[in-house]
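Guided by the hints, dock chain B onto chain A, whose structure is given.
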Amino acid sequence: MRTLSINKKTYELDLQGHETVLEILRDRLGFTGTKTACEDAECGACTVLIDGKAVLSCITLACDTEGKEITTIEGLAEGETLHPIQQAYLDKGAVQCGFCIPGMIMSTKALLDKNPDPTQEEIEYALDGNICRCSGYLKIFDAVKHAAKMIKEAKTHE
Amino acid sequence: MLLNPFTYHAPTTLEEACKLHGELPDNRLLAGGTFLIKTLKSLKKKGMSTPRHIISLKNISELSSVKKEWDMLTIGAMTTLTTLYESAQLTGDLAVIPSVCRNIGTTTIRNMATIGGNLACRYTWTEFPAVMLCLEAALHFFDKDGKEEIVTAEDFFKNGAKTEKILAFVSMKRDKETCCIYKRISQKSPVDVPLVSLCIRGGFKNNRFHHVHVAVNNGIDFARRDNRLENFLNGHTAKDSTPEESLHHIDAALYDANDDYKKQISRALLREAVRELREACS
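So the sequence lines, in the order shown, correspond to chains A and B. According to the working numbering, the first sequence is numbered sequentially starting from 1. According to the working numbering, the second sequence is numbered sequentially starting from 1.
Hints listed in this document are in silico derivations from the structure and should not be mistaken for laboratory results. On a predicted model such as this, the values are computed, not experimentally measured, just so you know. Worth double-checking, as some hints may not be accurate.
Stretches of chain B that chain A covers, calculated by requiring three or more beta carbons in the stretch to come under 8 Å of a beta carbon on chain A [said to hold, decoys possible]:
(1) 2-8
(2) 30-37
(3) 47-58
(4) 100-112
Computed list of lysine to aspartate or glutamate pairs in EDC-like fashion (alpha-carbon distance at most 20 Å, straight line) [as the list claims (entries may be wrong)]:
(5) 45/B to 23/A
(6) 45/B to 39/A
(7) 38/B to 39/A
(8) 45/B to 40/A
(9) 183/B to 244/B
(10) 41/B to 19/A
(11) 46/B to 40/A
(12) 68/B to 136/B
(13) 67/B to 148/B
(14) 46/B to 39/A
(15) 41/B to 40/A
(16) 45/B to 19/A
(17) 162/B to 143/B
(18) 68/A to 51/A
(19) 38/B to 23/A
(20) 44/B to 19/A
(21) 173/B to 71/B
(22) 53/A to 66/A
(23) 41/B to 23/A
(24) 114/A to 86/B
(25) 68/A to 19/A
(26) 46/B to 19/A
(27) 41/B to 27/A
(28) 38/B to 40/A
(29) 44/B to 39/A
(30) 68/A to 62/B
(31) 44/B to 23/A
(32) 38/B to 19/A
(33) 44/B to 40/A
(34) 165/B to 149/B
(35) 152/A to 113/A
(36) 152/A to 117/A
(37) 41/B to 39/A
(38) 139/A to 122/A
(39) 53/A to 86/B
For every residue, glycine included, the Cβ atom is placed at its ideal position computed from N, Cα and C.
Next comes chain A alone, as it looks inside the complex (with noise of 0.2 Å):
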């Protein structure tokens, strides 16, 4: 039995080694979020954050991830309020077919985390991982200016 830590809670898996942490959330716990997409490392939907840091989960061991904090985009919100990078998507229209979203907030938690006020190239840098088939990726930039901004005057107010 393997104790993986996902989104601040603990669950006891019987792992076997050759599962990947995307098989884990999906089939296994439910966390449909993370979506499957290309399965080969190309396209990003399957971003995760695993200690802050946005990785694939489609070549991922899980029983790799034993002692690691994952978090996936059903983490962000908290209760039925979303999290300013989930607003900000919203707010500015980013969001057409919804599947590279999940790792797109994935990417970006990552990079906000570590770089409150990123500039366009700093966005693009990050967000080289996802792909977008649907939008141009000019919405989704705007909307990870809009998430800075936001989380940026939300600790101004506390």
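Here is chain B on its own, set in the frame of chain A:
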């Protein structure tokens, strides 16, 4: 299931990993997983056999490190490309390392991929071999009994990058009097694989190049040094015409790889690299 079943091993010390690697039949070492896991998926899809044992090196903390002692830098093989990109210790001639990391893959890949995997994976096109040749790096391997063997990067890649041992560390001596330039051209989609890459290192004194190393990777063979060009540049006065002149003093076989596009592009990269080296060192 995305992968065929295997037995997973997670040693916490290098000694334990070496023992497992020596004892388990049909095992593979898992570093960042950006090559191995993709390969295992591909093999499964093709109905081919896959290893029975996977030894993950991710829990061996001593292998994830960047240590500077005097003028020697030692990097643990499990150090991720993001860590190297962000390392404040990699300055001067070693600043080439973060600049190489910046352009490998994507942010998510760089958060997972390791320098050890890039060096020891046996894909001929990877980025770091040419750089390590120029930096005169030493590769520290450990066998199943935990005994260390130190091999120069040049010898390792000359011998086809084959080893039964575990690559644990990479060390190099910094040289404050030299600069290092790395150039690459890659096909972008869907896979970021360098078609051609080269690295040039050297210093500049009294308007002459010195201590020049040139390593070329044509994507087909492992990176190798261009001794002919090095001999030309060492002691050569740097003129405006030197970058163009350099093209007449190369070991052409290292660059050409039977592909006209690569022939032209490698010369363009080389011309630019020589010019940038002179500017960087001035």
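Status of each hint after checking the structure:
1. For the segment 2-8 of chain B, the stated coverage by chain A is satisfied: 7 residues place a CB nearer than 8 Å to a CB of that chain, which reaches the threshold of 3.
2. With 4 residues bearing a CB less than 8 Å from a CB of chain A, the segment 30-37 of chain B meets the requirement of three and the coverage assertion stands.
3. Given as covered by chain A, the segment 47-58 of chain B passes the check, having 3 residues with a CB less than 8 Å from a CB of that chain where 3 are the minimum.
4. Counting residues of the segment 100-112 of chain B whose CB falls under 8 Å from any CB of chain A gives 7; the rule of at least 3 is met.
5. With a CA separation close to 17 Å, the supplied pair residue 45/B and residue 23/A stays within the 20 Å bound.
6. Note on residue 45/B and residue 39/A: the hinted pairing holds, with a Cα-Cα distance of about 12 Å set against a maximum of 20 Å.
7. A C-alpha spacing of about 9 Å is found between residue 38/B and residue 39/A, which places the hinted pair at or below 20 Å, so the restraint holds.
8. The hinted pair formed by residue 45/B and residue 40/A meets the criterion: a straight-line CA distance of about 12 Å does not exceed 20 Å.
9. A C-alpha spacing of about 16 Å is found between residue 183/B and residue 244/B, which places the hinted pair at or below 20 Å, so the restraint holds.
10. Simply put, residue 41/B and residue 19/A have alpha-carbon atoms about 12 Å apart, close enough for the 20 Å limit, and the pair holds.
11. Taking the CA atoms of residue 46/B and residue 40/A, the gap is about 14 Å. The hint holds against a cut of 20 Å.
12. Among the hinted pairs, residue 68/B with residue 136/B is consistent with the structure: their alpha-carbon atoms are about 16 Å apart, no more than 20 Å.
13. Taking the CA atoms of residue 67/B and residue 148/B, the gap is near 18 Å; set against the 20 Å cutoff, the hint holds.
14. A C-alpha spacing of about 15 Å is found between residue 46/B and residue 39/A, which places the hinted pair at or below 20 Å, so the restraint holds.
15. Restraint check: the Cα-Cα separation between residue 41/B and residue 40/A comes to about 8 Å, which is no more than 20 Å; the hinted pair holds.
16. Annotation: proposed proximity of residue 45/B to residue 19/A holds, straight-line Cα distance about 16 Å (limit 20 Å).
17. Between residue 162/B and residue 143/B the alpha-carbon distance is near 13 Å, which keeps this suggested pair within the 20 Å criterion.
18. Between the alpha carbons of residue 68/A and residue 51/A the distance comes to roughly 6 Å, so the proposed pair stays at or under 20 Å and holds.
19. For a cut-off of 20 Å, the pair hint linking residue 38/B to residue 23/A stands: about 15 Å separates their Cα positions.
20. Using a Cα cut-off of 20 Å, the hinted pair residue 44/B and residue 19/A holds, with the two alpha carbons roughly 14 Å apart.
21. For the hint linking residue 173/B to residue 71/B, the alpha-carbon distance of about 6 Å falls within 20 Å, and the restraint holds.
22. A threshold of 20 Å between alpha carbons decides the hint, and for residue 53/A with residue 66/A the separation of about 15 Å falls inside it, so the pair holds.
23. A distance of roughly 13 Å separates the Cα atoms of residue 41/B and residue 23/A; the hinted pair therefore holds under the 20 Å criterion.
24. Taking the CA atoms of residue 114/A and residue 86/B, the gap is about 12 Å. The hint holds against a cut of 20 Å.
25. Taken as a hint, the residue 68/A and residue 19/A pair is honoured in the structure, with Cα atoms around 16 Å apart against an allowance of 20 Å.
26. Taken as a hint, the residue 46/B and residue 19/A pair is honoured in the structure, with Cα atoms around 19 Å apart against an allowance of 20 Å.
27. Note on residue 41/B and residue 27/A: the hinted pairing holds, with a Cα-Cα distance of about 18 Å set against a maximum of 20 Å.
28. Restraint check for residue 38/B and residue 40/A: the C-alpha separation of about 6 Å stays at or below 20 Å, so the hint holds.
29. For the hint pairing residue 44/B with residue 39/A, the CA-to-CA distance comes to about 13 Å; that is within 20 Å, so the pair holds.
30. For the hint linking residue 68/A to residue 62/B, the alpha-carbon distance of about 17 Å falls within 20 Å, and the restraint holds.
31. For the hint linking residue 44/B to residue 23/A, the alpha-carbon distance of about 16 Å falls within 20 Å, and the restraint holds.
32. The suggested pairing of residue 38/B with residue 19/A holds, with an alpha-carbon distance near 13 Å, which does not exceed 20 Å.
33. With a C-alpha separation of about 13 Å, the suggested pairing of residue 44/B with residue 40/A holds against the 20 Å cut-off.
34. Distance restraint check for residue 165/B and residue 149/B: the Cα-Cα separation of roughly 9 Å lies within the 20 Å cut-off, and the hinted pair is therefore satisfied.
35. Between the alpha carbons of residue 152/A and residue 113/A the distance comes to roughly 11 Å, so the proposed pair stays at or under 20 Å and holds.
36. Note on residue 152/A and residue 117/A: the hinted pairing holds, with a Cα-Cα distance of about 9 Å set against a maximum of 20 Å.
37. For the hint linking residue 41/B to residue 39/A, the alpha-carbon distance of about 9 Å falls within 20 Å, and the restraint holds.
38. Under the criterion of a C-alpha separation no larger than 20 Å, the hint pairing residue 139/A with residue 122/A is consistent with the structure, at around 16 Å.
39. With a CA separation close to 13 Å, the supplied pair residue 53/A and residue 86/B stays within the 20 Å bound.
The structure meets every hint from the earlier list without exception.
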